[in-house]
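Going down the list, the protein sequences come from chains C, G, Z, H, P and W. Going by this note's numbering, the residue at position 69 of the first sequence is 1033; the numbering climbs one at a time, nothing skipped. Going by this note's numbering, the residue at position 3 of the second sequence is 967; the numbering climbs one at a time, nothing skipped. Going by this note's numbering, the residue at position 39 of the third sequence is 1003; the numbering climbs one at a time, nothing skipped. Going by this note's numbering, the residue at position 11 of the fourth sequence is 157; the numbering climbs one at a time, nothing skipped. Going by this note's numbering, the residue at position 7 of the fifth sequence is 153; the numbering climbs one at a time, nothing skipped. Going by this note's numbering, the residue at position 118 of the sixth sequence is 264; the numbering climbs one at a time, nothing skipped.
The set of hints was computed from the structure by calculation and includes no laboratory data. Every value quoted in this text rests on a predicted model; they were computed, and no experiment measured them.
Label pairs and their computed distance ranges (CB to CB):
{"no.": "1", "chain 1": "H", "residue 1": "500", "chain 2": "P", "residue 2": "510", "range": "50 to 56 Å"}
{"no.": "2", "chain 1": "G", "residue 1": "1016", "chain 2": "W", "residue 2": "536", "range": "53 to 59 Å"}
{"no.": "3", "chain 1": "G", "residue 1": "1072", "chain 2": "W", "residue 2": "543", "range": "33 to 39 Å"}
{"no.": "4", "chain 1": "W", "residue 1": "543", "chain 2": "P", "residue 2": "530", "range": "49 to 55 Å"}
{"no.": "5", "chain 1": "G", "residue 1": "1035", "chain 2": "C", "residue 2": "979", "range": "38 to 44 Å"}
{"no.": "6", "chain 1": "H", "residue 1": "344", "chain 2": "C", "residue 2": "1047", "range": "21 to 27 Å"}
{"no.": "7", "chain 1": "W", "residue 1": "536", "chain 2": "P", "residue 2": "465", "range": "40 to 46 Å"}
{"no.": "8", "chain 1": "P", "residue 1": "466", "chain 2": "G", "residue 2": "990", "range": "29 to 35 Å"}
{"no.": "9", "chain 1": "G", "residue 1": "1030", "chain 2": "P", "residue 2": "540", "range": "38 to 44 Å"}
{"no.": "10", "chain 1": "P", "residue 1": "510", "chain 2": "H", "residue 2": "498", "range": "51 to 57 Å"}
Quick list of in silico lysine-lysine cross-link-like pairs, DSSO-like style, CA-CA up to 27 Å:
{"no.": "11", "chain 1": "P", "residue 1": "344", "chain 2": "G", "residue 2": "981"}
{"no.": "12", "chain 1": "Z", "residue 1": "981", "chain 2": "Z", "residue 2": "1032"}
{"no.": "13", "chain 1": "C", "residue 1": "1032", "chain 2": "G", "residue 2": "966"}
{"no.": "14", "chain 1": "C", "residue 1": "1032", "chain 2": "Z", "residue 2": "966"}
Ideal placement from N, C-alpha and C gives every residue a C-beta, glycine not left out.
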Amino acid sequence: MKLITAILKPTKLDDVKDALHAVGINGMTVSEASGFGRQGGHTEVYRGAEYTVNLVPKIRLEVLVDDKDVDSVLGVIVKSASTGSIGDGKVWTTPIDQVIRVRTGERGPEAI
Amino acid sequence: MKLITAILKPTKLDDVKDALHAVGINGMTVSEASGFGRQGGHTEVYRGAEYTVNLVPKIRLEVLVDDKDVDSVLGVIVKSASTGSIGDGKVWTTPIDQVIRVRTGERGPEAI
Amino acid sequence: MKLITAILKPTKLDDVKDALHAVGINGMTVSEASGFGRQGGHTEVYRGAEYTVNLVPKIRLEVLVDDKDVDSVLGVIVKSASTGSIGDGKVWTTPIDQVIRVRTGERGPEAI
Amino acid sequence: MEQAVINSGDTAWMLMSAGLVTLMIPGLVLFYGGMVRVKSVLNMMMMSFGALAIVFVLWIAYGFSLVFGDSVNGSGLIGDVTQFAFLKGLDNSEAVIGTIPAAVFVGFQGMFAAITVALISGAIADRAKFGAWLVFAGIWATIVYFPVAHWVFAFDDFVAKTGGWIANDLGALDFAGGTAVHINAGAAGLALALVLGKRVGFGKMPMRPHNLPLVMLGAGLLWFGWFGFNAGSAIASNGTAGLALLNTIGATAAAVLAWLLVEKMRDGHATSLGAASGVVAGLVAITPACAAVDASGALIIGAVSGALCALSVGLKFKFGFDDSLDVVAVHLVGGIVGTILIGFVGVDVGLFNGGGTEQLVKQAIGAGAVLAYSFVLSYVIAKLVDLTIGFRISVEQELAGIDLAIHAERGYEFSDNNQGNFLASSRGAQE
Amino acid sequence: MEQAVINSGDTAWMLMSAGLVTLMIPGLVLFYGGMVRVKSVLNMMMMSFGALAIVFVLWIAYGFSLVFGDSVNGSGLIGDVTQFAFLKGLDNSEAVIGTIPAAVFVGFQGMFAAITVALISGAIADRAKFGAWLVFAGIWATIVYFPVAHWVFAFDDFVAKTGGWIANDLGALDFAGGTAVHINAGAAGLALALVLGKRVGFGKMPMRPHNLPLVMLGAGLLWFGWFGFNAGSAIASNGTAGLALLNTIGATAAAVLAWLLVEKMRDGHATSLGAASGVVAGLVAITPACAAVDASGALIIGAVSGALCALSVGLKFKFGFDDSLDVVAVHLVGGIVGTILIGFVGVDVGLFNGGGTEQLVKQAIGAGAVLAYSFVLSYVIAKLVDLTIGFRISVEQELAGIDLAIHAERGYEFSDNNQGNFLASSRGAQE
Amino acid sequence: MEQAVINSGDTAWMLMSAGLVTLMIPGLVLFYGGMVRVKSVLNMMMMSFGALAIVFVLWIAYGFSLVFGDSVNGSGLIGDVTQFAFLKGLDNSEAVIGTIPAAVFVGFQGMFAAITVALISGAIADRAKFGAWLVFAGIWATIVYFPVAHWVFAFDDFVAKTGGWIANDLGALDFAGGTAVHINAGAAGLALALVLGKRVGFGKMPMRPHNLPLVMLGAGLLWFGWFGFNAGSAIASNGTAGLALLNTIGATAAAVLAWLLVEKMRDGHATSLGAASGVVAGLVAITPACAAVDASGALIIGAVSGALCALSVGLKFKFGFDDSLDVVAVHLVGGIVGTILIGFVGVDVGLFNGGGTEQLVKQAIGAGAVLAYSFVLSYVIAKLVDLTIGFRISVEQELAGIDLAIHAERGYEFSDNNQGNFLASSRGAQE
Ligand SMILES: Nc1ncnc2c1ncn2[C@@H]1O[C@H](COP(=O)(O)OP(=O)(O)O)[C@@H](O)[C@H]1O
Ligand SMILES: Nc1ncnc2c1ncn2[C@@H]1O[C@H](COP(=O)(O)OP(=O)(O)O)[C@@H](O)[C@H]1O
Ligand SMILES: Nc1ncnc2c1ncn2[C@@H]1O[C@H](COP(=O)(O)OP(=O)(O)O)[C@@H](O)[C@H]1O
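Chain C with its partners taken away, still in its complex shape:
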């Protein structure tokens, strides 16, 4: 099993959620984050003073998937999250040893 973690633009969350739904993914966890990368932050002027804002709001999406689904899910996320402009985000996968569903105690792929 793998954990797919995606850092996305907040405005794309709905699209990604819908796209995942469409391919049968019906579980995910979302949280708030901020970050910067190549986009580097942008310059703002406020009350006559100029400064850079280097942490911009992002959404972190986590999806546990069975090994066989990793590639297709990655593809769906990248496709639905992309706007082509800087700051679109990253997606990465981490190996997972064990997953348990709390309610039932089921383990492994059935627990996802």
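Got chain C sorted already, so can you dock chains G, Z, H, P and W with the ligands onto it with the hints?
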């Protein structure tokens, strides 16, 4: 070493914290998240209009543990977090290469 | 590739960010958390009643790095985040299978 | 304007009423601001502050004169713009209107204009260019509000010799502005919602209020300020003001109960947004009627308005116009309820109260005239603004949030982490 | 009620005072709402709005008559319910009470009833069924507040010929409601806290205020509104009102300093919750005394109340009753302090001020009678409500948060991410 | 003080004005509190509440006497401290000043002192020891505010026979406190900012406001309260009060537009912080002038003040003093603008309005005298406080946040997760 990540109902955080304390775990990190899974979201009526809320608030709990403690800690979390109703959450474990305690620079199991 | 996760004191975020910049790291993700560990929480008195606060605010910092950079980045984080007092935090590394840049679809180290 | 003697008691109440009516702007700003999503709260608030600023300057320049100057040709349609231009003769400590200093009357009535314009902004939350809104506000005040206020508020021989047709010729009762303020703003809100179109996600996402405690506080401040609006419309500290005040409490209490009851029955729970909306629905409906009914009549008007407005909030989904904060359901519907019910429960004149249908017909004509005039003109003005400078922000700006896109600010910074770093020390200092 | 002449100055001040007292509801709503945890803020606010709505309707129907109608059999216990039912004869612009329009007096006094009921809700934060609370509010107003207000506020020959026993027979001094409002609400709060029981986690989790800026603002608005409450109780714009106003500032300033000093010495730091609580403690204590003491007396009353109330907030932990927002420590204790200290520092009548112990005894009897009557009746009413329709929500609802469980709302939506999706376009529209 | 007759209308307005001026404290508390970072909001609010409490107690003890007692030796510099010590002879319901109860005048003027002190705190956000601030507040009120208020507000033969030099000898016009309040507080703020030094990160991090809706509401409440401040300074309910009220709206509307225009041109966007700041800039500038200009003059003063204050907010970065919330740019600059412009646009006396340069010179002398006196004394007092008990918290406390470090509280607890657990049941209960 392993990182145990648990997505829990917010109202169960205190119970889980106490249960972990009781088995000698004295370190953890908590953050806020929201998610959905089999529970799928629920229907609400507001101002005469009906809609589904599909992201419900959750707590993310992270505990670094020594390999030998993984199973017992998993057991404690699942037991103390479970209410038997849908949306109870997931727990998973990830392999960790290295842990450092910032204050002392200690590495490995002693750093946990 | 590795994911470096660091739990830090909020007041040290700026220092760590600057230190990472200085060694050429130009991407990271930040989120809010709270935690406790050996520092165990502290006692407060409020309105004449005494209690312990056991979750204190922390910052979670995540940086994806190429394998070869792991050690140096770890060193930079630990050095710039340390105050020598309890509650300084933890840093750990997780193996990553795959990284994708959403905007371009690039994969692997170039995507970081 | 007669050179009468100032009554210090009347003046005290009207000074206070002018203050109270000014406080309705912050009240509205919270009521509206708390109701939008977190990314639009500042823009929502700015629309009211901006409207107040621009309308009041126009008020001094020519607005008061258009409303309270002698009716041009005795037509009852509009006042003489030159008569009090820049408040000629009124902005000193000697001038008197009725039994109070002229300056107080000017200030009091000027805030009515400002509030009416501010009310409209609730229909176009999250998506209007700020500059375009200010332009609209100035034009709308000039060619919609000032004439209509002349019709309704300019009584013959009060400020000038000749006044407006609704007040003097038709004889419809509108004590504090059910027609001139609420029906007027409600119809304009509908027109604007149609011209600007729906927000991205309207009807798909619920777009719930981001800060309900602010909404509750806003409703509370509006209520408090409304005492000046209604009881102040007596332009004196007397029994009429007293009755208006009492009815302003009674109707509002009844409207809250009615709204919550509808919600409980329809949705299964009574909400705080419902309580706050009920407050405003009651206040709106009693506005025209507060001096024309007794306490029981006020309870009836409040209850009917609370229930009908609560049932009306769904109309926008049914008919597909994005009246974002329910200006139509609360101000248009509530204003009509109050204006028409005078014809039923008005003391002496109401159908159920010893009168015939005569007053009812007058009320309907007054309401209908203002509604039609306001809707048509508002639609035309908004369309022209849209065709020339553009009224709506881009979809990207709307998605990112209008606060950040247009005002370069976020409502709240609850974390210190996304603060940036200064580049230059300051550009302001270089000027 | 005599057909006297209206004084426009007195009327102006009383119109304003009625408004100010109404504003105390939003003030209280913030003060209480900010103090609870984030998951209960809306319910807390709704309890006050709901109480106001229901109590004011009852006030019009029969409450005013029970308080200010002629005392039944001259007993001094309760007014004649039929005399002013539905404000018969008072809800028009001609009726006069004292030197002001009757309608203003009715409105002003009606808000006293509403506020007293709303104050009680602080004792049962986070856990009361909303419907049960409304039922309790209506019954409590009827059989506790209306009689007690008759005892204290109905002076012979003011509205009616015969009034209440505390005001006329006993002669205890209570200018603006130390007994009828604060001791009364405080005792009821204690009774309700006992009947409903402790919240889950009481005494284990600190349950700190979720929004202290709102608490500070609430204290500020309460202070402002309290000028109407205290100085308005002169029912005139005169020297008595002026003295009441000055003392309402002086006592409050002293109480803030005293509360902060106690905190600094006891806990090591002066808190903003302490400052806000000190404001209210000072206001409560000066309420009965504001026209009976000089400026130095006001400072003394404020300081004593600030210190004693600060020391009392721990009692609930010691005795194990969950008076969630310290209604007992602030309103009951503060109300007793102010009522009793008149017997010591009252000009002419106080023990330290040329008087004997006579007034002190009267004050104690007045305070004790209201306390006992209110506590017993409140306990009985609450028990009956609990046994019939149930007063408390379920543990699951309490844990999930009463706002979501009962009102289907969350106070704040600072993130757009947990917004949902519409299913049907609208059910409201289908009606 | 003559034993004149109370006018109930004047009294009604002054009762209300005293209330309105009190409300400016909560207004300021929001305006300032919303503008700081989230970790300092409570301390910011506490500084105003604390200043109010301490200054008002001093006011009763000897402040009123220093300001309104007979000028010592007829010097015009300071009043007789014994004459009205503890309000001797004024704190009863019979005493009269002008046409109103003495107690109302005392309360009204006392809040001026409190507000002036509170205004200063904006310059030292995030970093002042709370105890040191209270000590400073008490000393500053005593040796800066009370003398200056005597100079400006004590007219011969009003309260006492002889008054202050600016009001009576110089004849500079300052209707409601452009010099005594705003220039005074602004100069003190500058001195304090210099003594305390910059915050950690000043000029590097933007330190944006954490809650702009509160700032907007604060500006709204300040505006409302300012009606009491300005129109109440007529100490009567008359035409002068009316004119002051009207100008207080006109100037503010113009200032908002001017500030937003400067921002739009300089920065590319009009902000809500700009709108709120514009409100205050307009209010400050019209304060001295509100009874001396006509409506057009008020528009000019407002527009000039809005523009100049907007351009001044960058000065602190240029000159490197951390006047955190722009007390200098808004109150010092705005106060000077208003005071000086009377010399240009004042009716009859202004250079552009039929007068010569005479009044202009008087205005400049008055402004300069207050500015110099206040700056020097404030600097000395602050330095002494700093050298003795220390004025500034430690860097660690500042980084962690002054709310937590000094008051043991956080402004908001929007999550229930970092609540702690009780240890002992309560220490408070053990006392
Ligand atoms: N090395 C990294 N480690 C962790 N997160 C990163 C890293 N680089 C980028 N991110 C996250 O991805 C987001 C988008 O990255 P960015 O480089 O700006 O976009 P793009 O990949 O489109 O150039 C950042 O805001 C940050 O949250
Ligand atoms: N595939 C998944 N990936 C990541 N998180 C998940 C996944 N499925 C469920 N979750 C998380 O677990 C929570 C509970 O899951 P759910 O399926 O509703 O409960 P249950 O396992 O009791 O049926 C969700 O709200 C979500 O945060
Ligand atoms: N076992 C653990 N698992 C996850 N997070 C931990 C663990 N121990 C500590 N932490 C995190 O690190 C932070 C600092 O830990 P602590 O033990 O207090 O510091 P130190 O390592 O300096 O003694 C905690 O607040 C918590 O967020």
